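Engineer: Required output: the full structure, derived from the provided sequences and hints.
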Amino acid sequence: MVRYKSLAIFVLITLFITVSNVWASAGSFIKKASFLKKDKIIIFFAGPVDKKIVEDIDNYYVYESTDPDIPLKIKGASLSEDGKTLILTFTEELNQHSPHVVVIKKLVSAGRNLGVASFTVRKSYAGFLFSILIGAMLVHNFVFTKYLGLCVFFGTSKRKATAIGMGITFTIVMVCSAMISWFLYNYVLKPLNLQFFQVVIFIGIVSLIVQAVDIILRKINPFLFKAFGIYLMLVLANCVILAVPLLIVVNGYNAIEAFVFSLGAGLGYFLALFLMSSVREKLELANVPPSYQGLSIAFITAGLFGLAFMGFSGMSIF
Amino acid sequence: MEKTTTFENHLLTVSVSPHIKSPVTVEKIMWTVVACLIPPLIMATAIFGIRVLIITLISVISCVLTEAISEKALGRPITIKDGSAVITGILLAYVIPPGVPYYLPILGAVMAIFVTKHLFGGLGANIFNPALIGRAFLMATFPVAMTSAWIVPKYLKHSADALSSATPLFIVKHYGIQALIQKYGSLSYIYKNFFVGIRPGCIGETSAFLLLLGGLYLIYKGYIKWYIPVSMIGTIAFLTWIFGGEHLFEGNPLVAILSGGVMLGAFFMATDYATSPNYKTGQLIYGAGIGALTVLIRLKGGYPEGVCYAILLMNGFTPALDSWFKPERFAPPKGEKK
Amino acid sequence: MKDFPRIIIGLTVACIASAFIMGVAFMLTIKAKKHNEYVEFKEAMYSALGYTHENPAPSTLQFHEVYRYILNEPKKDYMGYMIPLKNGKYCFVALNFDGNFLYKKDLNISEEEAREESAREKALSAVLNPSVKFFYANRIIIAVNNGKRVAYLLPRGFAGFKTTIKVLLALEPDYTIKGLEILEEEEDPGLGGEIEKNYFKNQFKGLTYKEITQLKVIKEPLPEEYRRILEQEREFTEEQIKKIREKYQDSHIYALTGATITSTCVTNGIKNIVKKFAYRIKVLDKIIKDQHINAVI
Amino acid sequence: MAGKPKSNFELILNGLFNENPIFRLALSMCPAVGISTTLMNGFLLGLAVLFVQVASSCTISLLKNYIHPKIRIPTYTLVIATWVTVIDLSLSAFFPTAYKAMGIFIRLIVTFSIILMRLEVFAAKNPLIPSFWDGIGMGLGFMFGMMTLGFIRELLGAGALFGHQVLPVKPLLFFILPVAGFFCVGFMMAVYNYVEFLFKKAKEKKMRG
Amino acid sequence: MYIASINFGWNLLMEKTLRTFKKGGIHPPERKEYTEDLPIEEMPLPSEVDILLLQHFGATCKALVKKKDEVQEGDIIGDVEKGLGACVHASVTGTVKAIGESVHPLMVSVPSITIERDPEAEEKQYKSVDWHGLSKEELLNRIKRAGIVGMGGAGFPTHVKLSPPEGKVDTLIINGAECEPYLTVDHRLMVEHPKEIVEGIKIILTILGIKKGYVGIEANKPDAIEEMSRAVKENSKGFDISVVPLKVKYPQGSEKQLIEAVTGRKVPAFGLPFDVGVIVQNIGTTKAIYESVVFNKPVVDKVVTFSGKGIVRPANLKVRIGTRVKDIVDYLGGTTPELRKVVVGGPMMGFAVSTLDFPITKTTSGVLFLTEEEIDLYEYKPCIRCGFCLEACPMGLQPNEIGIYVEAGKLEETTQFGVFECFECGCCAYVCPSKRPLVQFIRIAKMKAKR
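As they're listed, the protein sequences go chains C, D, W, Z and Y. Under my numbering, residues 1 to 318 are what the first sequence spells out, in order. Under my numbering, residues 319 to 656 are what the second sequence spells out, in order. Under my numbering, residues 657 to 953 are what the third sequence spells out, in order. Under my numbering, residues 954 to 1162 are what the fourth sequence spells out, in order. Under my numbering, residues 1163 to 1613 are what the fifth sequence spells out, in order.
Hint data in this document are derived by calculation from the structure and do not stem from the laboratory. Treat each hint with caution, since some may be false.
[Stated by the list, open to error] Incomplete in silico selection of chain Y near chain D, CB under 7 Å: (1) Val1505; (2) Asp1538; (3) Cys1545; (4) Cys1548; (5) Gln1602.
[What the hints assert, rightly or not] Mimicking DSS-like on lysine-lysine, the simulated pairs with C-alpha atoms at most 25 Å apart in a straight line are: (6) W:Lys942 with C:Lys106; (7) C:Lys40 with W:Lys931; (8) W:Lys931 with C:Lys73; (9) C:Lys32 with W:Lys731; (10) W:Lys942 with W:Lys745; (11) Z:Lys1153 with D:Lys390; (12) C:Lys38 with W:Lys932; (13) C:Lys37 with W:Lys932; (14) C:Lys38 with W:Lys931; (15) C:Lys38 with W:Lys875; (16) Y:Lys1259 with Y:Lys1480; (17) Y:Lys1224 with Y:Lys1259; (18) C:Lys84 with C:Lys106; (19) D:Lys339 with Y:Lys1597.
[Said to hold, decoys possible] Per label pair, the in silico range of CB-to-CB distance: (20) W:Ser781 with C:Ser118: 24 to 30 Å; (21) W:Gln870 with D:Leu534: 49 to 55 Å; (22) Z:Leu1120 with C:Gln195: 15 to 21 Å; (23) W:Thr869 with D:Leu534: 52 to 58 Å; (24) D:Val514 with C:Ser118: 52 to 58 Å.
Only a predicted model underlies this, so the values are computations on that prediction, with no experimental measurement involved. Virtual Cβ for every residue (Gly too), placed ideally from N, Cα, C.
Structural biologist: Okay, structure coming up:
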């Protein structure tokens, strides 16, 4: 029971972080605050506030969370007509990648002094997760822009049916193994200072999962086993399955981020496989020069896909 | 397949039905497209100078030569007369900035014609649009030239500051739409000039009006269908309107579709037969996909303009779209999927 | 099933053997690795300070690191510095955001050990109140020659066009830029990647504090003679360099062609770094003086 | 495997040409595409693979009688992973700059199918000495492929070899971009196919005339 | 809706709202102007006729006469022993000259009976009878004995077609679309013999025991629509017959497309019209039914269009079955020197022949003499995936893919595109800018692929 409870709390906290992007420490009077353009912060209040006090720029102390000793200079503060929305304009552009702390020294609403309000403005966490997902799937697609997992990629992208089977199998194994690897790394290897074992441990986890899925599928659903069983062994020879846990460690993702990242990687691989297989089915009918037939033209196709995927380079969604 | 027999003093042709065929041929289509692409070139020569004409000529000649050489080397019939290489040459020149060195289009032509077209089986078998692969290749190889060799158009009355030659999309992306309006004076002045084609940009993409005219003529002739251009331009306008501004629903759709390569892409590149889906449902989705990706790259990506990459990415989806959206069968037998 | 024990024994033996081999390899390499990493970083520091093989650093030159921490106590946030002392150990000084002294603690950690973040954490948690949470912010490396400050070295990172750009900035004691090294960047090769090139990097060299505070990027082509100087400084006499620098160097940076955004990112990043540093080092110096800290710096 | 045992020299040649891991067997493609941007990278990764291949081949060849067939694959993986970790740690300690350039590819050697495949088809069935030479052959073949690609890409992309400027200009930046790896591998495969075709033709001619 | 009462105010709007099938279709040049205003002309009897023993869909007939036998016009000289088929009749009075082989326009050669006409023989007169009292069986029997087959081209024996399972059919459609370019046979028949056709319709409706009948006519034959509407108005008492003008679009006259255009019902693939309760009859067939029932006249003659720039005098000729085309050409003044191609049937679905030495059969609706400017002699090119054929195909198939698969040698895989649903209307090959022989590809695929 306790486990479910903690799980529920965990989910709730996650939801809270995802939904709200504000840490309001002085009550819930500040509804929402977010960056606006390059040099502005917009703040929404629950009720109308006193215009005179709130538009005084000395009333604020704003700093980047890493540099609390250096207040940012405010050019102006302007309150909307209904008194509920405030826009702070700064003299210089804000570094929106790091969270900013805003302290309003005095806040008066309808004659009532609400005291000091201090809160953090940061980019939304949901957006961050979404960026990780899109990043792993498209912007840094493991096949076309990171050049990993190619042996299996070229081996299983001849037919669309094979590609779909491999894509689904791979995504599932990918997510499972990445999550288990994450837990093992953060709760066993890191505390014990055994990081150099990571390669062995990660590949071991993958082979165990592959073996386990193989046995379970064989027993429970022979039909599914027939459809996906043959791809299980191929998963093992795929560099992406090892690269994702390693990258999760390098980037220092937490559990949710690791999940999203591995899901994105799996889906991105699936997408690449699917696109490539549909193209290769078409290529089989084309009059390709004899020396280029087979893998050679497949590589050149992948290169062209790579060129196309360069369109995503430098993309940041949030 | 044709067999002949003596009939009085000559032979009778015997072939399979149908015995009459429409007068539309590949050559006719291709050369019509070429004709539709000529007015924007004249416009570009007028506003950027004779240089763009030379670049276009080099591009066309190198494309045709590459086509002839690759066909010779691969033992295929030489088909330079059908005009497809000419179109690729013109389009390749149209998507590069006017101030690039003269050798650039030659390299692009090899990539476009040999690698993208002939290695994949020649006319009609290419997966990606050759001209756009040529551009993407040049973009990767000569990033500086391809992103900064802009020329200030003649007849433009704004001051010659450092940003004069920057493309409108670059200004919008990095300085905001207000900066663009400030630079050109007023919105109506922007609309007018962009519509006519007096603005910095790639060689053939500036004149929205002439491209639109050419595209409409092709639609009128039935050589291309309206599905792709309309869904693509519509999606770009719609999504820019929603996400393009500071707040939701504040973007300027008209500037978005008049700037960059939207018109050129929508009518002459996205509609390329070999690389776009064959049937209308697929074409509508394909066009919408290009539009969405264009807006995504423009607003969130690393480049100010996204039409080229958006079309290339959707080219990759074309075989899949073709296999998903087939024409509706008249009345398939029971038990079989439509 | 009969094979079961054999399989288990086999696997166990294999695992133990491989763990043993890996452990041995780890033990053999870990020291060399740390050493090499530091040597590499040191080379970057020398390079930022302008020392080369022909112009080697004096043997008396020493580097001392000051670490900055942010501390949270319930209802109270403040900052702290780890300052190296003359006895080879560190002391920790806490001060509030306005730069006023709060308290001072001595730490039992040598300079060599302090390079390891975990070692610092251990030393800090040994002396600080357990309710205090502390976060490492960044560090300042101070180059000292014969007891005199020669330069400040700032390893910092800021957002570039694509990913974070990590730089090492060297400043004179009067905050004039002595040199700039790009440690890590993943900008587009040929475009933003050109920030690693001398002709861009060296534009920052010699900018005074006043110039830095007004620094801005201009989108004009880099003059050819200026470029030559920037690329191959050694081939010119000091006088020539001075002349040309005077002619072109002002409070502006010539943007890289086709990579205005990256250039702006770097310029703004450096502007910010110098401004913040100049503010903080004044506070720190005041504290060291007021509290009579026997600092090595 | 052919009937009669091959000589050491033949084993090496086999790895270099007939069964070149990159261009013929099309295994271990990721590094071939991803990091063959310079000759040095190609050389170092080739060296790492050579080491892992030889070490694992020898280990398996020595221990083949003690490995239970049911846990064959996990054991092989374990052996490979061990040697990869060793080379990973050593490279990171002694060649930090090159190690940085190769990113995580060194650790990904674990999943290179070429190594596992040679263990399975050769080392597990042959005594130590041939296994050693087979490992050398395969490793050299991989290194050869990587260095060929590195040569082409560094020369065309940066106008340099081993980091030394050879050409006065940098011809095509494209080639040092990772995406060019796909094209280079594709064209090299076509070259191998074409050479094979020429050989076949010559052989047929010989047979006939 | 737009039935019968339409008073020829053809305007653009009407064109748009005319009934038609939904998917695909093309607009080839009509080229009916050569013959559409020429009245049906009776050709003098030929001196010799070749009666083919296979003029229909089904088994070959067995000759019932021997060499040198005397035959009268209308005598049954061949009949099928078992299986599907229809009998053949002597079309002239005379002597059997030979029983041998003769060129069939669609096949290489089939058995035939050559009859030398007796120049002295009197012309046979057919007397009319009142058919109203006749039983259904008798009507069918008369049709059977007259050897009537579908005259549109397929040649399906009519008496079989008119005996559908009980109660399944509720609608009769008379196909007057005549969508193929050049052909004007049905057009002329409708203009000149509307009453006979309406009578024929009534006979068919009586046989089927239903009341509902439509006559579908393409809107490019306004005079035919007028004549038919008038005839229907005057003579269709007791029946619900209506004339439906149809949009001009090829292949409007195809059975499935016509049924969809007129009733909106769709015949499933591999199904027959009566699966959706419809029976379709050709105008020519209807007229033949009328003649067989009312005059007891078997199929001995047929109206055929001779057209194209390759013939000196285009005409709508009523000729005896078995008349050699060569004789007809001589009668019409010969061919022009520009003649390049002779096509039996329409230009879209007809067959090119290499000789003029073949006889007219019951299913011949036209013989076209085409010159170079009318036909195409293009070399074909690779598919450029323009998708024109997808737009044109009335069956919703993918001719481009089929062509590509056939060229790549993957014949078995073409079934996924429904290659067996193709009825070879030729729309795809017509519109193809690469001039690819798509119909030929599809035929090859049909031969090799398994259903």
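Engineer: Checking each numbered hint in turn, tell me which of them this model violates, lowest number first.
Structural biologist: 6, 22
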